[in-house]
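Protein chains in written order, with our numbering: chain A, 193 to 521; chain B, 2 to 253; chain C, 2 to 288.
Each hint should be verified, as a subset may be incorrect.
To be verified - Coverage of chain A stretches by chain B, computed from C-beta distances (three or more under 8 Å per stretch; other residues unrestricted):
id	stretch
1	276–286
2	374–380
3	384–397
Keep in mind the hints are simulated off the structure, nothing from the lab. Here a beta-carbon is modelled for each residue, glycine too, at the ideal position from N, C-alpha and C.
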Amino acid sequence: MPAAASGSRTLGRDLLGLALIALVGLGGYWLFPDNLAFLTRVISVALLVLSLDLIVGYCGIASLGQGALYGAGAYAAGIACVHGITDPVLLILIGAAAGAVMGLLMGAIMLRAHGLPQLVLSIAIVQLLHEAANKASSITGGSDGLSGMSPAPLFGVFEFDLWGRSAYLFGLGLLLIVFAVLRFVTRSPFGMICRGLKEDPLRISALGIYAFPVLLNMFVISGTVAGMGGALAAIATQVVGLDSVSFEVSANALVMLVLGGIGHLYGALIGTVIFMALEHIVAAINPFHWMTLVGAVLIAIVLFAPRGLSGTLDELARLLTRNRWGAGR
Amino acid sequence: MSPVFEVSGLSKAFGGLKVNSDISLAMNEGERLALIGPNGAGKTTFVNLVTGRIPPSAGSVHLAGEDITKLGAVKRVRRGLVRTFQVTRLFPDLTPEEHVVMTILQRLGRATRIFARFHGDSAATDEAAEILATLGLTEVARRKVATIAYGQQRLLEIAIALAQRPKVLLLDEPAAGVPSSDTPRIEEALASLPASLAVLMIEHDMDLVFRFARRVVVLAAGELIFQGLPAEVARDPKVREAYLGSYAHAGS
Amino acid sequence: MQTALSIAVDALAYGMALFIICIGLSLTMGLMRVVNLAHGAFAMIGGYIASYAARDLGLGYAFGIVLAMIGTVLIAVPLERLLYRRIYDRSELSQVLMTIGITFCVIGITNYFFGPTLKTIPLPAELARSVDLGFRGIAGHRLFVIASGLVVAGGLWFLIERTGFGIHLRAAVENAPMARALGIRTEIIYAASFALAIGLAAFGGVVGAEFLPIEPYYALRYMVTFLVVVSVGGAGSIPGALAACLLLGAIDVTARYLVPDFGNFFFYLAVILVVCAFPRGLMGRAQ
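Throw the hints in and build the complete structure from the sequences for me.
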């Protein structure tokens, strides 16, 4: 049966993709043993960018406030850890739950508006939380950051050591699981409707489907993923700073997503890795050069590659195969 | 028999401008009614009022005995009032099969399931295959909509509507933009619509109207000026005036 | 009573400074449909030019303002031709990304040339001293900003509602192809409005420097504030922008006086409430 065949083909492709991510991840582990803390941060941010892709890429809602969801997860996990809940898996789940709740709130507010006011709401929400986290310093540590966490060994066995080996492998495992689940979710009936809403909301409503609950669900899923990313950062660095719930982190996430390609889960990963690697190198030399470079790249993407790296690669691949077909005839 | 669809005294004014005034019509099960009218007669406004896209200034809409005047667009669809679009509104990157499966899943209440495979619902897939076959779309069922002919896209619009199992179907210019070589396929599809379905067709193409409808209403300047048999419509002086202006008087 | 009055004057002056900067953004967004997040970068460039002219060259405040407006427009016009023109009909997201990119570049380049330190614009003696209102003195600079805001609001209203340019502009916005068919050179209209918006931004950047100090991160730090204010007011509406600036300026200044450790909390709380209540902005047009 053709449907089953296409099903097993996509399953094969997914497994291949997951294997590739695992391979690259493990490669990083062997190649850069001294930079594992940085690589863990990359994974944490990759989760944030994936979560943003669900909103921007799959639902077509522009957001510059995704840091609200990431920060909610980071602070929830951090505060829980300080208060004696130290099991890392449990902390990730706490972060996920906090992100989900924040996603529900954020979605409920943002979906009241459209276009520019919607974008402004996303900014206002993350800024509001930033100020609240700053003000509530007795709980969050304020501008000094929240510290004093000591997560228990993973599964009771693997200590979170100074080199961050456990944290990195833990993060890589988490990323693989989340990625697999998101591949499934984006291809579910729900995922299809989301993409439909992005392209033509009127058509979807003419099918008898309400947009609001569908989009709100996506906000909750997105919050769950972002919250896990935040919780991972909290566990790995054992510090939660105000910058985790900020406009800057939100804007950077959007830039990474656009760089990699909106609406592709792989694009989100590629964009994060390239952006953060470059930042790691260039910003260490001079942070202002880094800003100039990011600015120039953004302008170039809008002018020359609006579909991001992965979209552009797709297009190139399509052109190449078409040429081969043409030559064969 | 009580009508399955009834519009009474429906009016819409934008500021002082009356675009629809006091429109009343009723349809029984299995009716084939055509609504015609010159450009600017208020047909689009009428469709928007009936489907709940804009609220009326006055009047009511009943579907299967229920007053749906106050209901939103989505609720009306769920109660069985389904429309097609004058300009094709399809997803260019999806296949016809995916469009129809999505529609069937919605009817079955499974369209927004998160933990399910879109392509894994065999009941929906089988039904979609059946509907696409009746409209002759089997061959292109798995090609992206962007790559199939416009006439086939129009047929897909009808397929989607059928997959919703409507009580009343609003066809908004089903043959608009279709090359004349393809219109027979559309007509064939229209002829094979379920016999019990009430169909209201809004159309410019008079040939199509005469072959399809058993009753015609004419809208001009926001008012219904004629209701009757297709054979009578061309002889009606008010209709001639609406379409031909004063020229009609000069000619007669 | 004294405190209440000085808060009120500061709030009014701050709101007016915001208005002078933001009204240009509101016009580009409402009339030309471009989300120009780099607007604040142009205000900042104006501030730098004025600081250089008034402080380093000793040319005086008034001359600094004029130079700042001319210089910023001269920098902006090539950008309009090279970059902005390509995004007039693109999606909001593209516009946001491109203009954030421009902002980042401006910040990096500014820092390269002028360094990360704060730049002051020395006030002339007339504006630095306080003006006696009989029962109380008020800083002359505050009065100057308030008066400037009123002049800008009135002047723009007159320009758009009462002059030939305004008629052409509104025609080009309502229906560009029709306007072109009538012989209106829309690209010149757009370029002129863009230059006007940038000139006002530079003016606002200079006179508002007492509230929003000039440094490289200015463009990013206040980018959000400007965008928020315009959106709350309803893009393209002069009274809307004025109302939003005065309202949010008042909330911001008052909260900073009374509950300083809350930062911008109440500002953004007000933004969320207003946008939820008026999703199209205070005086936005129905779409």
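We went through each hint and held it up to the structure:
Under a criterion of three residues with beta carbons nearer than 8 Å to beta carbons of chain B, the stated coverage of the stretch 276–286 of chain A fails, only 0 such residues being counted. A count of 4 residues in the stretch 374–380 of chain A with a Cβ less than 8 Å from any Cβ of chain B is obtained; the coverage claim is therefore met, three being the minimum. Under a criterion of three residues with beta carbons nearer than 8 Å to beta carbons of chain B, the stated coverage of the stretch 384–397 of chain A is upheld, 9 such residues being counted.
Going down the numbered hints, you'll see the structure goes against just number 1.
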